[in-house]
Amino acid sequence: MTGNISGNAYALTILSPIKDGYTPDEIAYADLIRDRLQGWNMEHNSPMAKVPQTYLCRFFVLDDVYTESLPGAGFLDTLSDLLPVVPDRTRRNALPKEDHLQSRYLVFSCNFHGGAGGDLEGYLRGMWGAIGDRIREIWGYCYGFEQVTDADTFITYMKKCQLPAALFFNGSNDEPLEEQLKALYLKQELAKFAAENQGLDAATLRRNFQAFMQRVAPTNLAEPTWPAGKYRI
Amino acid sequence: MSNIAGKAYAMNVITPIRWTTAWLNKLIFWIALKRPSTLRGLITLSLIHYARWVIIGKNQFPHLDSSQPKEKLHYSYMLFFSNFNGSWDQYVDSFTFAIPGGLDLFWKWNIRYPKSVALTPFHHYIRYNQIETIHYYNAYPLATSNDVKSAKAVKDALIQFQCQSADDESDDNFLQRYNALLRGLQHDLGAMHPTPIVSMSAYQVERRKRWHDGSLQKEIAAQQAAQGGQNHDR
Amino acid sequence: MTQKLDLLDIQGNIIRAYGRFGYPMARYVFFNIRHSARAREFVGTVTDRVTTAVEWGEGPGQIKQPDWTVNIAFAYQGLKQLELPRASLSGFSPEFISGMKDRRDILGDDGPSSPENWDPIWAENRKNRDKDVHIFIALNARLPALLEEGYAWLTGVAKQYRDAVAILNGHRGEHGALYDYQDVKAVMENGQPTAKEHFGYTDGIGDPVFEGAPNYDLNVRGRGKQLEDGSWAPLATGEFLLGHIDEAREYPPAPEPILLSRNGTYMVYRKLHENVATFDAYLDEQGRKYPGGKELLAAKFVGRWRDNGAPLVKAPDAESKQKFDAEFAAADQAGKDKLLSDFTFDDDMSGAKCPFSSHIRRINPRASLQMVKGSKPGSMIFNKDAFDTPGALSNRRRILRRGLPYGEVKDRSRDDGNHGIVIMMLNTDINRQFEFVQQEWINYGNDFQEGSDKEILLGNHNADNKFPSKAVLQVDPNSDQAPYMLSKIPRFIETRGGEYFFVPSLTALRMIAQGVVDPT
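Line by line, the protein sequences give chains A, B and C. Okay, so the first sequence: first residue is 1 according to the UniProt record's numbering, each after it adds one. Okay, so the second sequence: first residue is 1 according to the UniProt record's numbering, each after it adds one. Okay, so the third sequence: first residue is 1 according to the UniProt record's numbering, each after it adds one.
DEER-style ranges, computed between Cβ atoms:
| # | chain 1 | residue 1 | chain 2 | residue 2 | range |
| --- | --- | --- | --- | --- | --- |
| 1 | C | Asp342 | B | Leu27 | 43 to 53 Å |
| 2 | C | Arg20 | A | Glu178 | 56 to 66 Å |
| 3 | B | Asp168 | A | Pro176 | 33 to 43 Å |
| 4 | A | Pro176 | C | Ser375 | 19 to 29 Å |
| 5 | C | Gly287 | A | Glu178 | 34 to 44 Å |
| 6 | B | Glu169 | A | Asp150 | 49 to 59 Å |
| 7 | A | Met42 | B | Pro36 | 33 to 43 Å |
Since the hints were derived computationally from the structure, they do not count as laboratory data. Here the structure is a predicted model, which is why all the values come from computation and not from measurement. Here a beta-carbon is modelled for each residue, glycine too, at the ideal position from N, C-alpha and C.
Build out the structure end to end from the sequences listed, making use of the hints.
So, in structure tokens, the structure goes:
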């Protein structure tokens, strides 16, 4: 499924069917999942901040598909117009059909650093290891999830829910997350340094810059750096 | 719900496509992948971290268990996911202004697609078929895709600069190299501050931020109280 | 394709920047409606005197240029008080309905610019029905005495309708005194009106040129839209006038019926205070350090030299400026306009001449956003044909600007005098045009690959230590210089008030006055 890989970035698309049932409080499982995800928005940071190599990801519940009713100009939408006279039957048949899903789906769409080979299993293992209990909290009401007991069964389950990308556009750089975060830290610090040290004589500037480089340690990914999910300065 | 995480907006669009023509879309995407020039406008716009198109055949919705009812659909569906910088309007508008042909290429086989020019029907089409994100996580809410890319340029340049440093280098030579370093990075040093509010839903994000600020301050105060004021210099 | 506009149906302030047509002073008066039916009659009486966009002449059958002009516009609350049908009201754009104060977060009106610091007339607006700003009337005049003549006429009419409309007080003037009107006038030098504002910049250059505007073909280069082959074309009329086809080949969204909106537009009114002492001090301090000297630095803030508005892309240094000045002095009016407006950023993609954060590059980037990084470190290159048209990202963000300075700088060492500029911006989509430019290009810089760096002159800067404002003044990637960092930029401009208005056509004005607007 090379469509999921662009450079070192991986596009994971998961649709997990949610069981058609409800809790003793008479809340449908799909709505409960949504409520719990809303709750994640109120935490200090997303549980996903703990999952290694996650660039960006999102969750939502797909309740149903949409039936098109707006006028359109798609090629086949207007094909019947080529007939000199359009019989009513043809006209009605050309109207978009109404579709409905039989299940509601939990959608998880994630972009992560998977390396050139697209290490999906490694990513999912890391996800399970970091937030296994939180995964259960969200996926626990999906069909088939009862078979998930550990990282391996989680990987098997997720692969069953996975859909391939037809096209994956990578508009960023796809280095490992800790490289990206370190780079962002360095960018902010260098801009500050350049402004504060502008116009100094060469010897002083050189001394200050040496101290700066020692402080920011460009090759040390562990520190100082930005934590994943940092939203405040 | 939260379509916004810092400087990124999560867009989800689901549109029906005839199962008889779904292969055509896959072909177009395959060509786009093989011919990078197709995506040149997209790269120049530089508003996207990552985007993807997923085509779900009418019989390909995941089926996990025999107790799960089978889907009975007339159409296949195209899912579009994007992580972009800026407001909804800016994104949709920039795309229709800059690469209307590309949008039409990717969507024209979708049922009732109105084409990307004129703008208002296209706005309606996207809104009509959009699904709101409930939880959106971004590893670098303060950064745009441009920032992530320019940060790499900064890091690489700093490491290279360090490699070229020599103890016996003269101060003047250092200054020359330093000036060259900044000159080479003159489009990479934009500040990263919190995002301007891009839409009313961003209030949710703001409120959350304030809540965090407040609760954090309380935590610190509580910690200090617990330490009996021993750490006044914190 | 070429269309002729019905100039008799369009208000004159949309087509003409009066300041450049021999009207160096103006007075803006705002009304609150107290009785709807009688207020419509008031509108009718004023409408009879409203100045249209018609071309003036002294010949037989031509309309003579007036000594003073009258134009009128309405805030959303005003249209409601005039009892426009609900179905028409709901067709106005959401941001017009909400009003400028409500949009403060989008506009970056924070800190000293936040609405609680606005002039009382604007701070009280939309708080208390009796203080709501409903009607805007502008008088522009050739001479002070003529302005008083116009004002006497207006107050006379207002008196006649005192049961129906009340003039709103609360425009701050000298020493904090509150006035019934906002006066604006050109800054004078040796008794002559100039095109300068209080920081010393030449203002009012390069207004967009659109299809159907009189004489557009004379000065379309640099003021219309840039095309593939290097030629220029006027922008679509619908970017500036409702009821006409816009750049997306559609009629811009507008209230119904079409007779209400056609030939009308939206106007953004903003009173901007200028912190002259802060500006002078910052320019002096940085000017001492900046290698090119103080005047070049002042030019870098805006992208034009202060004295005559020479664009930096044409005159990037003192030497080229001298040559420009000689050409400029010898040119006639059309030649001068060409020298000031006819340029692109194609040869300055890296911003070495005109910095990415300068005023003119931020408010009208022309084709320069079609850019990608070049192979030479520090360079940007023009990515030809990446977009549908070179100006794809600029052509739908253009705004007609009508502004004049207010007050006088009596003491340049103080910020708190009565001095600034009242700017009125005209566009058919406030959200897509004015608000976008304000939010994304003035108070933010990602489209210019400058992160959160703001436009230097108008940005809502913070000089604090948490989010200090800065800007990078780029240099030639092939030189041996370092880019200059403007650090801790203070706030030069503070918002003192404003509102969104609708400027109807003459037809719509007469319909509003008669109460016959009917979208059913």
